[in-house]
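Student: Sequence:
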Amino acid sequence: MNVGDELELRVEKLSYNGGRGVSKHRGFVVFVEGAAPEETVKARITTVKKTFAEAKVVEVISSSMHRRTPPCPVAHQCGGCPLQHVEYSEQLFQKQQIINDFVSRNLPDQTLTVLPILPSPNEFRYRNRIQLHSVNGLVGYYARGTNSFIPIEDCLISEESLIEALPEVRSQTQNQDKMTRFEVARGLDNKIHIRKTQKDPGTLLFAQVNAAQNEKLIETVVMWAQESSDQFSQIFDLYAGAGNITWPLATAFPNISVTGVELSDT
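Taking numbering that gives the first Met the number 0, the leading residue of the sequence shown gets 0, the next gets one more, and so forth.
I should point out that these hints are in silico values taken from the structure, not numbers from a laboratory. Mixed in with the good hints there might be a few duds.
[Claimed, not checked] Estimated spans, in silico, between C-beta atoms of each pair: (1) L106 x T219: 14 to 24 angstroms; (2) G26 x N105: 15 to 25 angstroms; (3) T219 x N105: 21 to 31 angstroms; (4) Y87 x S263: 24 to 34 angstroms; (5) S227 x I98: 14 to 24 angstroms; (6) Q225 x N99: 50 to 60 angstroms; (7) T179 x N254: 45 to 55 angstroms.
For each residue, glycine too, the CB sits at the ideal point set by N, CA and C.
Please construct the entire structure, taking both the sequences and the accompanying hints into account.
Tutor: Here's what the structure looks like:
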């Protein structure tokens, strides 16, 4: 197998790494970008390693029943939504299988129950923060793993309020040929904040970008704690970050010591 070879591959499932299709060619694992589960594709080999190869779909020979046309016109270019060509229900199923496989492979002697995934209330329009680039009045993202600039007019996973702020971003780089990184976010005050950044904001501060799903996360953790509250007298929230879960627990259990533990000072 060599880079540039085109092979007919049967895709079994999706991988945990970037949602690529998992296939085998004569026993050798091939990760296929742009593939869907249970379909046959012609794929071009892009990388060959000792234990696996990487490829990109050239042609779908036999389409998966779970394949769909990506709602976003640049889904296969910007790389931010590598699973948009797969129906959302199947995305959830594949993610559940990834967790099940991980547990059975790494903890074979443990009796563990993997609970069902809780779907996001919104498949689209859920992000309350985006990072993008702007140059000469254009805004967009870099293609995955490259510095190729992909201009956009909309981003379907972003809240509409952030998209409405993009004209302001464009105005700041009009007639400016130097690429500038921006963060556009809806703050706790529900106002839209725009700022230029020198580095990826994600390296400075982590916050849940899916507010509706974050509410479900917090409700679930608090509910579990309440169900077993007679079994503990103290709560430690490890890797607490800015206290996303710590504060709701402290509110729910005012008579119990709740401690958030976080190594990072950012």
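Student: Compare the structure with each hint and give your call.
Tutor: Taking the hints in turn, this is what the structure says about them:
1. For the pair L106 and T219, the supplied restraint of 14 to 24 angstroms holds, since their beta-carbon distance comes to about 22 angstroms.
2. Between G26 and N105 the CB atoms are about 23 angstroms apart, so this pair conforms to the stated range of 15 to 25 angstroms.
3. In this structure the hint that T219 and N105 lie 21 to 31 angstroms apart at CB holds, the actual value being about 24 angstroms.
4. Taking the beta carbon of each, Y87 and S263 are about 33 angstroms apart, inside 24 to 34 angstroms as hinted.
5. Roughly 23 angstroms separates the CB atoms of S227 and I98, a value that falls within the hinted 14 to 24 angstroms.
6. Taking the beta carbon of each, Q225 and N99 are about 28 angstroms apart, not inside 50 to 60 angstroms as hinted.
7. About 50 angstroms separates the C-beta atoms of T179 and N254, a value consistent with the hinted range of 45 to 55 angstroms.
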